[in-house]
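Enquirer: Okay, here's what each chain looks like letter by letter:
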Amino acid sequence: MMRIISMAQTEFRIALRNRWVAVAVAMMVLFSLVLSAAGSAPTGALGADRLSVVVASLTSLAVYLVPLVALLMSFDALAGEVERGTLPLLLTYPLSRTEILLGKLVAHVAVLAIALAAGYGLAALAAWMGDDRALAGLPALWRLFWSSMVLGAVFLGAGYALSALSRRPSGAAGLAIGLWLGLIVLYDLGLLAALVADDGGRFTTDVFPWAMLANPADAFRLFNLAASGATAAAAGLSGAANSIPAWAALTSLALWPLAALALAVAAFRRVTP
Amino acid sequence: MTMLTLSHLTKRFDGLNALCDVSLSVAAGERVALLGHNGAGKSTLMKIVLGLIAHDEGTVEVLGAAPGSTRARDGVAYLPENVAFHPALSGREQIAHYLRLRGLPASGARALLDRVGLGDAANRRIGTYSKGMRQRVGLAQALIGTPRLMVLDEPTSGLDPVSRRDFYAILDGLAAEGTAILLSSHALTEVEARTDRMVILSGGAMVAEGALGDLRRRADLPVRIAVTPSDIPCSTTTLLMALPGSEQEGEQVVLSCAQDEKLAVLGRIAGLSERIADIDIQPPSLEDIYSHFSRRAGQ
Ligand SMILES: Nc1ncnc2c1ncn2[C@@H]1O[C@H](COP(=O)(O)OP(=O)(O)OP(=O)(O)O)[C@@H](O)[C@H]1O
Ligand SMILES: [Mg+2]
Numbered sequence: 001m002m003r004i005i006s007m008a009q010t011e012f013r014i015a016l017r018n019r020w021v022a023v024a025v026a027m028m029v030l031f032s033l034v035l036s037a038a039g040s041a042p043t044g045a046l047g048a049d050r051l052s053v054v055v056a057s058l059t060s061l062a063v064y065l066v067p068l069v070a071l072l073m074s075f076d077a078l079a080g081e082v083e084r085g086t087l088p089l090l091l092t093y094p095l096s097r098t099e100i101l102l103g104k105l106v107a108h109v110a111v112l113a114i115a116l117a118a119g120y121g122l123a124a125l126a127a128w129m130g131d132d133r134a135l136a137g138l139p140a141l142w143r144l145f146w147s148s149m150v151l152g153a154v155f156l157g158a159g160y161a162l163s164a165l166s167r168r169p170s171g172a173a174g175l176a177i178g179l180w181l182g183l184i185v186l187y188d189l190g191l192l193a194a195l196v197a198d199d200g201g202r203f204t205t206d207v208f209p210w211a212m213l214a215n216p217a218d219a220f221r222l223f224n225l226a227a228s229g230a231t232a233a234a235a236g237l238s239g240a241a242n243s244i245p246a247w248a249a250l251t252s253l254a255l256w257p258l259a260a261l262a263l264a265v266a267a268f269r270r271v272t273p
Numbered sequence: 001m002t003m004l005t006l007s008h009l010t011k012r013f014d015g016l017n018a019l020c021d022v023s024l025s026v027a028a029g030e031r032v033a034l035l036g037h038n039g040a041g042k043s044t045l046m047k048i049v050l051g052l053i054a055h056d057e058g059t060v061e062v063l064g065a066a067p068g069s070t071r072a073r074d075g076v077a078y079l080p081e082n083v084a085f086h087p088a089l090s091g092r093e094q095i096a097h098y099l100r101l102r103g104l105p106a107s108g109a110r111a112l113l114d115r116v117g118l119g120d121a122a123n124r125r126i127g128t129y130s131k132g133m134r135q136r137v138g139l140a141q142a143l144i145g146t147p148r149l150m151v152l153d154e155p156t157s158g159l160d161p162v163s164r165r166d167f168y169a170i171l172d173g174l175a176a177e178g179t180a181i182l183l184s185s186h187a188l189t190e191v192e193a194r195t196d197r198m199v200i201l202s203g204g205a206m207v208a209e210g211a212l213g214d215l216r217r218r219a220d221l222p223v224r225i226a227v228t229p230s231d232i233p234c235s236t237t238t239l240l241m242a243l244p245g246s247e248q249e250g251e252q253v254v255l256s257c258a259q260d261e262k263l264a265v266l267g268r269i270a271g272l273s274e275r276i277a278d279i280d281i282q283p284p285s286l287e288d289i290y291s292h293f294s295r296r297a298g299q
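Protein chains in written order, with the numbering used here: chain P, 1 to 273; chain E, 1 to 299.
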C-alpha cells in the first residue's frame with residue numbers, strides 16, 4: 001500500500017511539474033464557462049432548474065473531454081518510462097507491475113478529479129448565481145462528477161494498455177488518438193448511420209441497445225441522462241436509446257474500468273525492459 | 001554463503017548467442033568484476049540476474065530464490081548502465097521515492113545523497129544534473145537498505161577520479177559487512193586493486209575466472225627485460241651477441257622470455273654485470289593479460 005501511495009505521490013508531482021494539472025484544469029474550466037454562458041438564456045417556465053440544464057450539456061461535453069484528457073495523461077505513462085530508460089531500475093524494486101499501474105492510476109485520477117471539480121464547480125456556481133432553484137440540480141452534478149471519474153479511469157487504463165503495447169511515446173500517442181476517434185466519434189456516427197438504414201428494424205430493437213452499452217462513453221452518457229430523466233429531451237442517439245435503464249448503463253460503466261485495467265496489466269506484463 | 005549462482009546460463013537473442021554456458025557464483029562479502037569487450041554479454045548477464053529478461057537455458061539462483069522474485073528483489077540492488085531518472089524530480093524526491101518502495105522512511109534520502117557527495121544538489125531537479133551527478137544518484141539508490149547482493153553495471157562510468165576512489169571505499173565497507181558485489185567495468189586498473197576476483201566474458205562465453213595472480217600465472221605471458229648498457233655502443237653489441245633473441249630498442253637492449261625461463265635469463269644477464277648500467281623487468285601488464293583471455297576466436 002505504501003508503495004502504491006509513493007508511486008502515486010511521485011506521479012502526481014511529475015504531472016504537476018509537467019503542467020498536466022494546469023492544462024487539464026484550464027481545459028475543463030474553459031469549456032465549462034463557455035457552456036454556462038451559452039446555457040444562461042432564460043429557461044422559461046419549463047420547470048427544469050438551470051443547474052440541471054447545465055448538467056445535461058456538461059454531460060455531452062464530458063463524453064468528449066474526459067476521455068481525451070485521460071488519454072493525454074496516460075499514453076506516455078509506460079512508453080515514456082521505456083524511452084527515458086527509467087523502467088528497468090523501477091522493475092528491480094520490490095513492487096509488482098500491477099502496483100506500478102495502480103500508483104499511476106491513483107495520481108492521474110486525482111489530476112482528473114481536480115480538473116473536473118474546478119470545471120463543474122465553476123459551472124455550478126454560475127448556474128446558482130443565475131437561478132436560486134439551482135440547488136435542486138446538485139445531485140445530478142454529483143452523479144456527473146463521479147461517473148466522469150469512472151469514465152476517466154476507463155480511458156486511463158486503455159491509455160496505459162496502448163502505452164505498454166507500443167513502447168514508444170509517438171506510437172502510443174497515435175494509438176490513443178485513434179482510440180479516441182474510434183470510440184467517441186466514429187462509433188456513434190456508425191450507430192447513427194446503422195439506425196437510419198435499419199429504420200426501426202431488428203437492429204434498432206435487438207442490437208443497438210447492446211452496442212450502446214458496449215461503449216463506455218455511450219454508457220456514461222446514457223447513465224447520466226437516464227438518471228436525470230432528461231433522456232426524452234436529449235437529441236440523437238441517446239434519444240433513440242431511451243429504452244435502456246440506468247442500472248444497465250451503470251453496470252457497463254462499472255465493469256469497464258476493471259476491464260481496461262486488466263488489459264493494461266496484461267499488456268504491461270509483456271513488456272521486457 | 002553463496003548469494004548468486006549461475007549454472008550453464010545460456011541466452012539467445014534471435015539467433016545471436018549473447019551468453020553461452022556461463023557458470024559463476026558470488027559469495028557473501030566477495031567483490032567480483034565482470035570484464036569483457038563491448039557486446040560480450042555483461043549487461044545481459046546482469047539483467048538476467050535481476051529478472052528483467054528471461055534466460056533460455058541453465059539455472060539462476062539469487063539469494064536462494066528465483067531471479068525477479070519478491071525475495072530476490074528485496075535483497076538485491078541494481079545500478080543499470082546509463083542510469084536515468086525523471087528530469088522533473090529532485091535528487092532528494094527521487095531517492096525518497098525509492099526508499100519508500102523498499103519500505104523505508106523517506107527521511108533517509110538526505111543522508112544517502114550526502115554519502116555520494118550530492119548533499120548540496122539534493123533539492124535541484126535531476127534534469128539540471130551533470131552526467132556524473134546522475135550516476136551518483138544511481139549509486140545512492142543502490143546503497144538503500146544495505147543490500148545483500150549488489151549488481152552494478154559500469155558503476156564508475158562518468159565519475160571523476162576522486163569520486164571513483166570514494167565509491168570503491170563505500171563498496172569495501174559494504175563487502176566487509178557481507179554484501180556480495182558483482183560489477184562490470186572497462187577500467188582494468190581500478191578493478192585490479194578493488195576486487196577479489198575477475199570474470200572475463202568474450203562473445204558470451206566465460207573465458208577466464210579467478211584472482212588477478214591466478215590469471216597472470218595461467219596466461220603465462222612473456223616477461224620483458226630491458227637492459228641499459230654501461231658503455232654505448234660498445235657494450236650494446238656485446239649484450240646483443242650474448243643474449244639470444246634480444247633486440248636493440250633505442251639505447252636499450254630488450255628481450256622477452258617465458259615465465260619459467262626468467263631466472264635463467266637473469267642469471268646470464270648478471271654474468272655480464274660490468275657491461276650493464278641498469279636493468280628493468282616488466283611483467284605482463286593488466287591489459288596484456290586481459291587481451292590474452294578476451295581475444296575472440298578467429299581474431
Ligand atoms: N534486446 C536485445 N535484442 C537483441 N540483441 C541484444 C539485446 N540486448 C543485447 N543484445 C546483444 O547481446 C550482446 C551482448 O550485449 P550486452 O549489452 O550484454 O553487452 P555488454 O557486455 O554489456 O557490452 P558493453 O560493454 O558495450 O556494455 C550484444 O551482441 C548485443 O547486441
Ligand atoms: Mg553493457
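Because the hints were derived from the structure by calculation, they are not lab data. Worth double-checking, as some hints may not be accurate.
[What the hints assert, rightly or not] What follows is a set of in silico ranges between Cβ atoms, one per label pair, in the way DEER data are often shown:
#1 Lys-262/E <-> Arg-168/P: 40 to 50 Å
#2 Arg-168/P <-> Thr-146/E: 50 to 60 Å
#3 Arg-224/E <-> Arg-17/P: 51 to 61 Å
#4 Thr-146/E <-> Trp-146/P: 42 to 52 Å
#5 Ser-25/E <-> Thr-251/P: 34 to 44 Å
#6 Arg-17/P <-> Asp-120/E: 37 to 47 Å
#7 Arg-84/P <-> Asp-14/E: 39 to 49 Å
#8 Arg-217/E <-> Ile-5/P: 30 to 40 Å
#9 Asp-21/E <-> Trp-146/P: 56 to 66 Å
#10 Trp-142/P <-> Ala-28/E: 55 to 65 Å
#11 Arg-17/P <-> Ala-27/E: 56 to 66 Å
[Claimed, not checked] Just some of the chain E residues that point at chain P, by a computed CB distance under 10 Å:
#12 Gly-39
#13 Leu-79
#14 Tyr-98
#15 Gly-108
#16 Ala-111
[Unchecked claim] Residues on chain E that point at chain P, a partial pick, calculated with CB under 7 Å:
#17 Leu-24
#18 Leu-50
#19 Leu-52
#20 Gly-75
#21 Tyr-78
#22 Ala-84
#23 Arg-100
#24 Leu-104
#25 Arg-268
#26 Ala-270
#27 Ser-273
As the structure is a computational prediction, the values presented were derived from the model and not from experiment. No residue lacks a Cβ here, since even glycine has one placed at the ideal position from N, Cα and C.
Enquirer: What are the numbers of the hints the structure violates, in ascending order?
Expert: Violated hints (numbers, rising): 1, 2, 5, 6, 7, 8, 11, 12, 15, 16, 17, 20, 24, 25, 26, 27; every other hint is consistent with the structure.
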